[in-house]
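Listed in order, the protein sequences are those of chains Z and A.
Going by the numbering used here, the first residue of the first sequence is number 1, and it counts up by one from there.
Going by the numbering used here, the first residue of the second sequence is number 1001, and it counts up by one from there.
Simulated from the structure, these hints should not be mistaken for lab results.
Think of the CB as a built atom: it goes at the ideal place given N, C-alpha and C, for glycine as much as any other residue.
Some hints here could point you the wrong way.
Pairwise CB distance ranges (calculated) [as the list claims (entries may be wrong)]: (1) Z:Gly-156 / A:Gly-1099: 36 to 44 angstroms; (2) A:Glu-1132 / Z:Gly-258: 14 to 22 angstroms; (3) Z:Val-257 / A:Leu-1251: 54 to 62 angstroms.
Now the stretches of chain A that chain Z is said to cover, found in silico as 3 or more residues with beta-carbon under 8 angstroms [what the hints assert, rightly or not]: (4) 1025–1036; (5) 1104–1118; (6) 1144–1151.
Simulated crosslink set (DSS-like; lysine-lysine; CA at most 25 angstroms straight-line) [to be verified]: (7) A:Lys-1059 / A:Lys-1014; (8) Z:Lys-59 / Z:Lys-14; (9) Z:Lys-59 / Z:Lys-4; (10) Z:Lys-4 / A:Lys-1059; (11) Z:Lys-4 / Z:Lys-14; (12) Z:Lys-59 / A:Lys-1004.
2 protein chains.
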Amino acid sequence: MERKISLAHGSGGKLARDLIEEVLLPRLHNETLERLADAADLHLNGSRVLFTTDSFVVKPIEFPGGDIGKLAVCGTINDLAVSGGRPLWISCGLIIEEGFSLECLERIVESLARAAADGGVSVVCGDTKVVERGGADGLFINTAGIGIPIDDFTPGNIQPGDKVLVSGTIGDHEAAVFRAREDLGRKMDLDSDCAPLGGLVATMIPAAPSIRVMRDPTRGGLGAVLNELIERTGRSISIEEDAIPIKREVLGICDLVGFDPLYLASEGRLVCIAPAGEAQTLLAAMRAHPLGADAALIGEVTADPHERVYLRTPFGGSRIVSMPTGVQLPRIC
Amino acid sequence: MERKISLAHGSGGKLARDLIEEVLLPRLHNETLERLADAADLHLNGSRVLFTTDSFVVKPIEFPGGDIGKLAVCGTINDLAVSGGRPLWISCGLIIEEGFSLECLERIVESLARAAADGGVSVVCGDTKVVERGGADGLFINTAGIGIPIDDFTPGNIQPGDKVLVSGTIGDHEAAVFRAREDLGRKMDLDSDCAPLGGLVATMIPAAPSIRVMRDPTRGGLGAVLNELIERTGRSISIEEDAIPIKREVLGICDLVGFDPLYLASEGRLVCIAPAGEAQTLLAAMRAHPLGADAALIGEVTADPHERVYLRTPFGGSRIVSMPTGVQLPRIC
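Bound conformation, chain Z alone:
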């Protein structure tokens, strides 16, 4: 039987990971890639450079709180920011379907340019390809980004008692895209959280000099990211269900269609592990920033050596939050 690519290969979950580890890494093997970081950490004439890329295929391309242009810039800025970097330059590759509205393209480029300005980056190179009608679905955008490190996080220092923080409500982006796609047909006050996180990260670093690690919970959501963060540490993470900030509207959509909010993508949030002694100062610094107003301390690292993520419910129960295996909603970014 011929093996084929499935939608789950493009999720943030297990099959996506398998694709990377079984198809890509064995062929492209090099140390930088094998680190599976959000950004490659490179050395150039004595300077360090961070380099990352992401493609965007979100559907619909315009949604409440953003569009594919804003998303493409924020996604790449955020990968650099959570790697401890200051984002500097962005490339932009467009793949456009023949017949695509030029006015819509103008709006998207406008939005992309505004996000770049907000995020403090310049779009310095680009490329445009057009495919015939039916060859692609409207517009896809790839961005790659270059930044310089402003801090080195120390995931190797993760230890029991370290605190887990999140910078705001989770899942807004995926829920907003779902809402736009399904045309839920009623008024709902829910926008994507899509935003550039460079500024927030820059205020967090001086507040907590010993930050262990950061990630942005995009595909696969908080559940996938916490599982990735605890990998190879010999520790576990325990989070409190009622400490996790989630909007009522997001919970409503989850109830309606059976999504688990822990696996819903955000595009303007970050998750961070910091030593207990720095956690309160860090939380205060995050809350003082407009993009961290709803920041919360949601749990901690434990000595349990199984590298699992446990969710403790308000009723005293506990369940394992595993790495997602399928895909809740394709094409959310």
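Add chain A to chain Z, keeping to what the hints say.
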């Protein structure tokens, strides 16, 4: 009437240029982008960095002499090389259609990895997106690349008498893709020229210290590239039809379907302008390199201030080679 994107917006010709100048540049305005170079020339902590990107949508994804993986690496390496750079690192963003053969993907990644090794670059970061069946046509690849400058070409010094050289036969790539797509149904010995040019450029630089400028004649072919090179110089270019190396098989396809070989894309060739005094040494150096074996001196810069490209025929006639306006064959890269 709603304005729409057409296939010609993705060509190397006039509409593609209009899209850049009317939609992209006014919104993303910055000096680096406005230079419209093959690679952005950036300054980082006192070091210079070259940065470029290209997306690839070639159809079919496997063709004689290459595939989309090899092409994606060579295209980005070549943009860095003809900018006078040494390519170092490549990013790789995959957009895959649901149902795509995993075995085919493995072949493509294998080929991409081989091209990277041949071209002396490492693939250091990547991203995979999957879209539902019908949402994309098989596989698209974006690569971005980082390099460091090893020479500064001096297009500002272009002057009458300078020689125009090409590193090999032109149009092999587009003709080979056409052949694969149309399934011409007979044996033909014609492969794409797709190859990484970093090594060739590195041998040319010491041979001709005053090289004015280089470009790789991809979309729009030799015709588009010569028109771009002569822009804003106040000079013109005159090339000799019978000096241009073209394979018999490529001419055969052109005769068959009415293509103009001057507008056919190559993916492993470069065009170069150098002072007359260095031209012969440069030509010898190019011919001594495997990827320059068929290099030829095809014309020269003239004092004509109209910034035109003239083609002189063996019969003494002359015609203007204008910037292509349409698109001969979509999705050749």
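These are the hints, each one checked on the structure:
{"no.": "1", "hint": "Z:Gly-156 / A:Gly-1099: 36 to 44 angstroms", "result": "holds (41 angstroms)"}
{"no.": "2", "hint": "A:Glu-1132 / Z:Gly-258: 14 to 22 angstroms", "result": "holds (20 angstroms)"}
{"no.": "3", "hint": "Z:Val-257 / A:Leu-1251: 54 to 62 angstroms", "result": "holds (60 angstroms)"}
{"no.": "4", "hint": "1025–1036", "result": "holds (count 5)"}
{"no.": "5", "hint": "1104–1118", "result": "holds (count 7)"}
{"no.": "6", "hint": "1144–1151", "result": "holds (count 3)"}
{"no.": "7", "hint": "A:Lys-1059 / A:Lys-1014", "result": "holds (23 angstroms)"}
{"no.": "8", "hint": "Z:Lys-59 / Z:Lys-14", "result": "holds (23 angstroms)"}
{"no.": "9", "hint": "Z:Lys-59 / Z:Lys-4", "result": "holds (23 angstroms)"}
{"no.": "10", "hint": "Z:Lys-4 / A:Lys-1059", "result": "holds (19 angstroms)"}
{"no.": "11", "hint": "Z:Lys-4 / Z:Lys-14", "result": "holds (16 angstroms)"}
{"no.": "12", "hint": "Z:Lys-59 / A:Lys-1004", "result": "holds (19 angstroms)"}
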